[in-house]
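Number of protein chains: 2
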Amino acid sequence: MSMTRRNFLMRVGQAGGYSAAFATMQSLGLMPMKATLAEPIAAAAGSGKGVRLVIAGAGIGGLVAAYEAKKLGYDVTLLEARHRPGGRNFSARKGVDVEFVGGEKQTCTWDAPNYQNMGPGRLPSVHGTMLGYCRELNVPLEVEINTSRSTFLQNDNANGGKPVVQRKAVNDTRGHVSELLAKSISNGALDQELTKEDRERMLTFLKVYGPLDKNSKYIGSDRAGYKTPAGAGPVVGVIDDPMDMHTLLDENFWTGVLYEETWDWQATMMQPVGGMDRIPYAFDKALGKTIVYNAPVTEIKKTTNGVDISYKQGSGTKTVHADYFICAMPLTILKSIPNDLSPAYKTAVDGSTYAGAYKIAWQSRRFWEQDYNIYGGLSFMNPGPTTIVWYPSANLMAPNGILVTGYEEENNWGFSKLSTQEKFEKARTQLERIHPGHGKELTQPMFCGWRRVKWNEGSWIRGYGGGPSGYDTITQPDGPIYFAGDHTSHIVGWQEGAALSARRAVNMISERVRSARLTGAHTAVTA
Amino acid sequence: MSMTRRNFLMRVGQAGGYSAAFATMQSLGLMPMKATLAEPIAAAAGSGKGVRLVIAGAGIGGLVAAYEAKKLGYDVTLLEARHRPGGRNFSARKGVDVEFVGGEKQTCTWDAPNYQNMGPGRLPSVHGTMLGYCRELNVPLEVEINTSRSTFLQNDNANGGKPVVQRKAVNDTRGHVSELLAKSISNGALDQELTKEDRERMLTFLKVYGPLDKNSKYIGSDRAGYKTPAGAGPVVGVIDDPMDMHTLLDENFWTGVLYEETWDWQATMMQPVGGMDRIPYAFDKALGKTIVYNAPVTEIKKTTNGVDISYKQGSGTKTVHADYFICAMPLTILKSIPNDLSPAYKTAVDGSTYAGAYKIAWQSRRFWEQDYNIYGGLSFMNPGPTTIVWYPSANLMAPNGILVTGYEEENNWGFSKLSTQEKFEKARTQLERIHPGHGKELTQPMFCGWRRVKWNEGSWIRGYGGGPSGYDTITQPDGPIYFAGDHTSHIVGWQEGAALSARRAVNMISERVRSARLTGAHTAVTA
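Chains A and B, in that order, give the protein sequences. Per full-length UniProt numbering, the first sequence starts with residue 1, numbered consecutively. Per full-length UniProt numbering, the second sequence starts with residue 1, numbered consecutively.
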């Protein structure tokens, strides 16, 4: 079973898991530098004419595949089990349901224009493919605030459980590190390692980096905050005393430090105005009748010249023949659909496992803005079960808003064993550790646990049957059947991975169509 | 002559000035932690009834003073030399003029909705007074992006003049620092300084902080960027090699590193949607006829029971009597107005000096977004004369936008000696160092050099006549004359300083009115 990068990122919120995660993370994959399309569509417009393509799953992977294939002239049908596009790209808002396998259903009652992105919530500026689609489809974007220096770090087992504002933790830590390195250099400890010039350069630099005083001591800094903030007339600001290094270095405590420097969590990040689902709805508008909703696939069967896809429609079943099929459904769903995939593919799919990330979101007065100066960003708590508080970037300064008080793996800390109601009460209690007295302001909770969400049954892939070779298998076609979705990319858990994998699938099919045409195939159906 | 904190911040863009700045910066003043009003208005509603208050200067200081005094029942007149409110809070947009002393005038021709805040451009989340007014006056806010990891650092005298993306500079630097400190600890260099437990804690921490590999080496990190970004199917990401430490430590190079951690430049920062001048226009709406526009003050003269203020109206002059007067004009303007200030005040005012910050802004295709993934934030160049490129946070993803290619002191590098046209050409050439080939995309430049802007003649105060005692003098009343504006606060160059100083002036007057009423004064005019 291979692990995905996304699973490591989820461990940011877990005591002790951070260090191990980062060490391995570097060998895992991420994203392009430029806001240009990293997987250019290689085929010519019209080159797909007369070729019948069926796609299953109208998440970002399926939507992008359908959109690009239509541009090339393919005859495309996109089957979607739900009544809406987007898959995990889902925004809860007034009147919207979260439906679990087994029938449990929650209906959102928040005031408009409040919403919460229950799946992807961030568009990093390095995810050029998704940003490109937002530009192309006219989806207005605004900043998603991933970092705020006014948010908190808290751990019951460090600093007496008291939360520390991130500006203090981040800046006092760097101050102590700088002082110790300056001391080492001054003591001659690095004379063998560094030239005299570099030692001098480093000492000069550390004065600013710490910042350190003229004796190379870290005595606090405006960066870490004020004991008495400056004001008008005689009110001079007094810098706060530094926190002691021993506490800052407690591993129980610094969980969460530097999450913001991870490649795809770095500023600038964005979000569509009004909800992440503005993207799938923009694709829906562009695709028109190409998408067939309420059409769960019931069978996938190869034929001599393609593949037959059966799906429900109303009370009956329909079967459609395709030259090529792109399966953009989660493997959790695919594995329960009768199919004649080749053995290696069956192994990869049937043995796959998925993470079960969830979000808990509430409507509340914006106490975090009004009483704490927190505008967006994340706070971290430990221990769990809920460890992350995520403050909204949308509708800043409005009277109320949506607060996420849990975003993690449902199986951690036995959280999955609690009833939905018990989960809410637990999350409310946990919040008191950072925002005492405010738990009671939280109302109208919504729990979106992807492990049990109907038509998903998982948040993102954790591993493939057959291990790494399972990944290699499903990123190649099984005859006329291609796979798309973030699980067929090295950017698991991100829309960018889904979009790139879809473009890759369309490219592979186009190449095959081109070759087939050269040998006389597809000519019968070509206009 | 005392120096203001703001002047140090301006030196961020100057080679070598950074280190010195930070060392001193810590003794200078800044701002409150909470989004509550740090200078609460102490008087009761109606307590100002029958008391005549004249205020001169409808910048943020004058506007806040008038707004708060009216709430208390004072009979308020706010005189403003221009036809608009805001003072330095000024947004250039289509049809708006920048007018210099001496008559030079530029008229903005940018496409709507483009604009540029030529004065204050940021609302830090720790500036609770200004945010409070935005909430109270319903001024919609959005994020001002101060930090983007995709922006650049560039210095002709380091790294062969080649720009380095900030994610690389910031994260490779921390990596090298961490490796060296880990080495020092492992070599026993800090055995005297740290307990065994703390040495172990620090080594564990540095593994994540660097991050360092299992041999405690820094070998690069996703935080610093990719050589090959990950993609779909077989495309695995390959981390970029670290930059060498020698280059990163070049003092010519790291100018600009950590600017984002300065207390009032930390995330989250905000801006009003549509321009910073939405704030003064909201005050204008709330104040109605209280503001008299096109009314430059011509004389200030104390009387036996208050003060007479003369001002131009049309072709004539009017004189109005006030019980109290708040001078919220810049001292540059006050010093040229006939007045009978007491000698210590005259010394403070007449000897004051102002900085001459400017901005140069252009309309352009958003090549920074489309070709560089840069959405907001700042790049830094050296040497000058223009050293800062400031990318817009407004209207992300629009086809064109406004780019600032210079924001510094006009006297540096002899820039003030160039004609406006020469300044534009210089700024355009400078930009090529970071964005080669894009200088030619810049059109319709506007130069707002506050040193010469009519009714300002300076960007913010640099020092007071009489030195620090000059500050102490003008933060106390001269008989019935009070002073307001950021120059009467320890938050120079920020609207927050102006707002707090105005609230303080209103409080001081209210206290005096209260005492006077107890001794029988003001009774004649009290309703």
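If you are wondering where the hints come from, they were derived from the structure by calculation, not from laboratory data. All C-beta atoms, glycine included, are put in the ideal place defined by N, C-alpha and C. Careful, some of the hints might be misleading.
One-sided excerpt, in silico: chain A residues whose CB lies under 7 Å from chain B [said to hold, decoys possible]:
id, residue
1, Val-143
2, Arg-149
3, Asp-244
4, His-246
5, Trp-265
6, Ala-267
7, Thr-268
8, Met-397
9, Thr-475
10, Arg-517
Results of checking the hints against the structure:
1. Below 7 Å, beta-carbon pairs count as interface contacts, and Val-143 (chain A) has one with chain B at about 4 Å; its hint therefore holds.
2. Because the closest C-beta pair between Arg-149 (chain A) and chain B is about 4 Å apart, less than 7 Å, the hint holds.
3. Among the interface hints, the one on Asp-244 (chain A) is violated; its C-beta lies about 10 Å from the nearest C-beta in chain B, farther than the 7 Å criterion.
4. Hint status for His-246 (chain A): holds, given a least beta-carbon distance of 6 Å to chain B, under 7 Å.
5. Evaluation of the Trp-265 (chain A) hint against chain B yields a violated restraint, the C-beta minimum of about 9 Å exceeding 7 Å.
6. Because the smallest distance between the Cβ of Ala-267 (chain A) and any Cβ of chain B comes to about 5 Å, under 7 Å, the interface hint for this residue holds.
7. Interface hint status for Thr-268 (chain A): upheld, as the beta-carbon distance to the closest one in chain B is roughly 4 Å, under 7 Å.
8. Because the beta carbon of Met-397 (chain A) sits about 5 Å from the nearest beta carbon in chain B, less than 7 Å, this interface hint is met.
9. Contact between Thr-475 (chain A) and chain B, as hinted, is supported at the beta carbon level, the nearest pair being about 4 Å apart and thus within 7 Å.
10. For Arg-517 (chain A), the interface hint is violated, the least distance from its beta-carbon to any beta-carbon of chain B being 24 Å, above 7 Å.
Checked against the numbered hints given earlier, this structure breaks hints 3, 5, 10; the rest are met.
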